[in-house]
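Undergrad: Chain B: place on chain A using the hints.
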Amino acid sequence: MKVAGKERIWADYQKEIPDDHYFYVRSCIRQTFFPGSEQFFLGFMRNIMGRDVYEDPEHTTCTGIGYHGDVVPFDTIMTVVARHFAQATAKGYRNIAISCVTSFGIYSEILETWKHFPETLAKTRENLYRATGREFEVPDYIAHSSDIIYKFRGEVAARMKYPLTDQYTGKPLRVVEHIGCHYSKMFPKYGYGGAEFPHVLVGMIESWGGEVIDYPERRHCCGFGFRQYLVQANRGYSVANTKKKFESMQPYKPDLVVANCPGCTMFMDRWQYTIKEMEGTLYGDNGMHGIPVLTYEELAGLVLGQDPWELGLQYHNVQTDRLLGRMGVPFDPGMKFLSAEGEKLRAPEGIIF
Amino acid sequence: MSRHVVVIGGGVAGMECAGRLGMMGHRVTLIEKDAKTGGHAALWYQLFPDRRPAREVIDYLNESGTAGDVTVFTGTVVKSVTRGGNCLAVETNGPGSLNADAVIIATGFDLFDAGKKEEYGHGIYENVITSAELEEMFHNGKVLTVSGKSPERVGIIHCVGSRDEKVGNFHCSKVCCVTAVKQAIEIRELMPDTQVFCFYMDMRMFGPYYEELYRESQEKWNVSYVRGRVSEASETIGGRLVIKVEDTLAGRPLRMELDMLVLMTGMEPSAAGSQLARNSGLIAGANGFLAGNDHHYGTNESPLKGVFYAGSCVAPMNITDSLSHARAAVLGVSEYLSKLSQ
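The listed protein sequences correspond, in order, to chains A and B. Our numbering applies: residue 1 is where the first sequence begins, and numbers increase by one. Our numbering applies: residue 354 is where the second sequence begins, and numbers increase by one.
It is possible that some hints are incorrect.
Stretches of chain A that chain B covers, calculated by requiring three or more beta carbons in the stretch to come under 8 Å of a beta carbon on chain B [what the hints assert, rightly or not]:
no., region
1, 3-9
2, 206-219
Derived lysine-lysine pairs resembling BS3-like cross-links, with alpha carbons at most 30 Å apart [unchecked claim]:
no., chain 1, residue 1, chain 2, residue 2
3, B, Lys658, A, Lys185
4, A, Lys336, A, Lys243
5, A, Lys276, A, Lys161
6, A, Lys185, A, Lys151
7, A, Lys2, A, Lys171
8, B, Lys519, A, Lys151
9, B, Lys658, B, Lys432
10, B, Lys527, B, Lys597
11, B, Lys502, A, Lys253
12, B, Lys502, A, Lys2
13, B, Lys469, A, Lys115
14, B, Lys519, A, Lys15
15, B, Lys389, B, Lys519
16, B, Lys597, B, Lys469
17, B, Lys469, A, Lys151
18, A, Lys244, A, Lys189
19, A, Lys189, A, Lys276
20, B, Lys519, A, Lys2
21, B, Lys597, A, Lys2
22, B, Lys519, A, Lys185
Read the hints as simulated data drawn from the structure, not as lab findings. Every residue gets a Cβ at the ideal spot worked out from N, C-alpha and C, and that includes glycine.
So here's chain A without its partners, still in its complex pose (with noise of 0.2 Å):
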């Protein structure tokens, strides 16, 4: 594999991300399924760099997940995104960055639609009006958070307390990177690297010490894909697309998983557990464990040696405690199942190590 052909596809998808004061949209799913993530995103951004992130409490659901499951109409989706943008303008913000890699798709859809067909925009202008009475500027730039990070993986480099090396054998870890599809499959140019070879996610785990795999099914769908998982009949079909990516990448030996979607990193550390039940396969450390599925925050965390079950780690099914030992990332574990309040929780069911 040649990196320098890589290198020239990246060279191709740059983009501009702002450096300063973003209005920040939060994902329905990954706040319950990945708690950590957004809120090292946003501590990560105001309190270690320094930057400007607002946060709008009647900020809501952009629907995409009804909108892709068939149950809200495109009309709508843009009258819901045209009234974050209002609250966005309300506040004096020009940049969204926008944590849901769906919610990403969603916007950048509505943005080349407004772009290409003004009289839409003209008509969801008119559609907010009549329904909230606000008014909206089309932002400057979106970034999905994945972006953000990226810009600034040379600061987490440079501030990194535990690289991504095997600790046992001084070699790099060797991570799959993940990337929604709809970060930029739909419109290459909004992604860093673009679709086919995309970079957000390389960019951080090389600066971070890493090894990117590159393995066949490395751009196929998680198997989440809204109707195959929200159709109850079609979950089978679901499964079967993680099963694929497994087995495709199993031969390589990852370490981890990294994605950057929240659809993504629940499938693909879900369905493992249900694989699991299903045919009693695992994938990670020669069928004896498991293969962690992390956020982008997450790994950013973790490296910048945050506290792993600050970061919600436990909250994954496939459980970190030997990535953790691999990494040198110091842990308890019996501080996992530990309210805040230093009360024991519930563990829950099924989690694998």
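TA: Just chain B, lined up with the frame of chain A:
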């Protein structure tokens, strides 16, 4: 009466024009941007449909091209052609400005940059090559993977950069289908144990004996044809290639491991020719190739009086059609110069 004609482009069409005009007694200046004349054909090993060595055609053109008063400038780029009275000024980066009575533009085509079809991984996966790179291997008498092994399985993807809205090329490059058939046979002939699979949208066998060659490839050489467009290529841990394709005749998705993948890169308007056209006020069609005065009976004629087109600068063509088009351009120049003398 002898006149001075400048021919821009030293490929098949340009060389034919230069030779024919020289034989007619005109003074000819042939200008080629590359170091050698011969164009793309000079890089090819054998030609379809009869598998004759490409060298034979180049030898014919070299021989006929030197019969008259023909001066050749290689490594020279023409910047513009402008008209002043009955004279045309040809601005170059080499011999400076040349005055001509007539000009033939024969700037040909560029091969599509296969790297733009990122999903196939040309320039990234080492055993993904283009049809032109395969011709180079045929010249060397060996088709080997980067590890030096004979490939057990070779895939050939048709229409790379042709009939593809995604890369902005709606046109058919015409010759890639039959090139794929020819190259598949050459692979099988060179390595009888190698399996060859062609992935196509339509098989466009437009020329004489093309259909026969296609039939021969199946009956005699057991080349397999799969109707379907390859969606992506990737690499296995052992360095083999994996492709995904939908077999649209069987109605099934297909996943296949290969040792080598050959991309049938299509034709695009020559970048140098397009720049020259822009600088000279000439018109390109919607497909980017130069547009003649009439699509049916005026493809050799440009809107600039005294300037003519020859060969694949106006549309993708095979060598036979390029030579015929070149001769038609020569006829147009001859008629124009006769009128000029009256």
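Undergrad: Run the structure past the numbered hints and jot down the numbers of the failing ones, going up.
TA: 3, 5, 15 and 19
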